[in-house]
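Below, each chain spelled out in residue letters.
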Amino acid sequence: MPHDHDHHDMPPDPALRVKALETALLDKGLVDPDALDLIVETYAHKVGPQNGAQVVARAWTDPAYLERLRTDATAAIAEFGFGGRQGEHMVAVENTPEVHNLVVCTLCSCYPWSVLGLPPVWYKSSAYRSKAVIDPRGTLADFGLSVPKEREVRVWDSTAEIRYLVIPQRPEGTDDLDETALAALVTRESMIGTGEVKAP
Amino acid sequence: MPRIRSRLIYGSRILSAPEIDAPFSEPWQAQAFAMAVHLNEKSLFTWSEWAEAFGRYRASDGDYWEDWLACLEEMTTRQQLCSVDQLSQLKSDWEAAYETTPHGQVVTLAR
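Quick note, the sequences are listed as chains P and U, same order.
Residue 74 in numbering that gives the first Met the number 0 sits at position 75 of the first sequence; the count goes up by one each step and never skips.
Residue 39 in numbering that gives the first Met the number 0 sits at position 40 of the second sequence; the count goes up by one each step and never skips.
Hints listed in this document are in silico derivations from the structure and should not be mistaken for laboratory results.
A hint or two may mislead.
Unchecked claim - Once the Cα atoms are required to be at most 25 Å apart in a straight line, the calculated PhoX-like pairs of lysine-lysine come out as:
no.: 1; chain 1: P; residue 1: K148; chain 2: P; residue 2: K197
no.: 2; chain 1: U; residue 1: K41; chain 2: P; residue 2: K148
no.: 3; chain 1: U; residue 1: K90; chain 2: P; residue 2: K27
no.: 4; chain 1: P; residue 1: K148; chain 2: P; residue 2: K130
no.: 5; chain 1: P; residue 1: K45; chain 2: U; residue 2: K90
no.: 6; chain 1: P; residue 1: K148; chain 2: P; residue 2: K45
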């Protein structure tokens with residue numbers, strides 16, 4: 000019998016470091032294993048762009064809600080029960096025929112977790128983080144978006160304290176759709192500003 | 000024949016791995032993520048402190064979750080929640096446990 004089948008496979012180095020950390024913190028009573036499981040469960044399965052899509056769809060269909068979102072996005076988003084875990088402020092930035100908004104975090108990858116879940120790989124890459132600021136139109140072109148010269152592109156640099164949610168433009172020909180049907184059209188990319196919402 | 004849907008991936012010429020939508024590709028990443036969020040919620044450090052430190056790690060384009068873990072080790076030792084020596088010892092203990100625990104049994108630390 001081969002020796003390496005007698006014992007467990009050695010986990011990769013980072014996994015052992017995480018185990019060491021967890022053990023040290025558990026010994027001191029600084030972490031609660033159930034709370035850790037709940038956080039993983041929440042971000043792996045429950046929180047995602049579908050949250051932000053609900054916010055966008057309501058902003059499209061309810062002018063009073065849009066007004067609340069403009070005045071205090073953190074509170075308006077909390078109406079859905081979506082709250083930032085790091086106490087960050089949310090700011091909603093609206094796309095219009097004159098303005099296209101693009102969100103980045105040049106420092107690391109601050110991202111509106113409560114409405115979009117955890118960031119996609121490209122959002123975390125240094126390529127995106129630097130190019131979005133230096134060449135926003137070129138960045139949008141990388142995503143297949145061509146923004147006319149007369150339309151301003153605004154880039155918003157997220158921080159630990161302030162996170163941005165782009166409210167994309169409602170596509171034409173969607174007057175008959177209700178809030179739920181509209182929410183289904185809203186993509187993660189459209190709420191970061193690297194995409195647009197298309198009519199079904 | 001089924002239609003193959005292609006997706007544009009940002010920087011595909013730079014990123015070799017295809018984008019995976021799941022936030023975590025290995026369990027340790029999820030654990031490291033949860034520990035940072037949990038410790039922040041228990042006010043053991045602020046998220047601004049975290050972002051300041053994490054930003055330093057992310058200045059070079061290393062692996063995101065390995066940077067996250069290194070930052071977590073820095074934050075926990077800086078706040079004296081544990082020590083570098085202690086983490087190093089515990090890591091060796093876990094290695095030994097994996098080496099000596101027979102297959103089929105749960106790996107635990109002999110304390």
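Here's how the hints hold up against the structure:
no. : hint              : result
1   : K148/P <-> K197/P : 21 Å, holds
2   : K41/U <-> K148/P  : 48 Å, violated
3   : K90/U <-> K27/P   : 17 Å, holds
4   : K148/P <-> K130/P : 18 Å, holds
5   : K45/P <-> K90/U   : 32 Å, violated
6   : K148/P <-> K45/P  : 39 Å, violated
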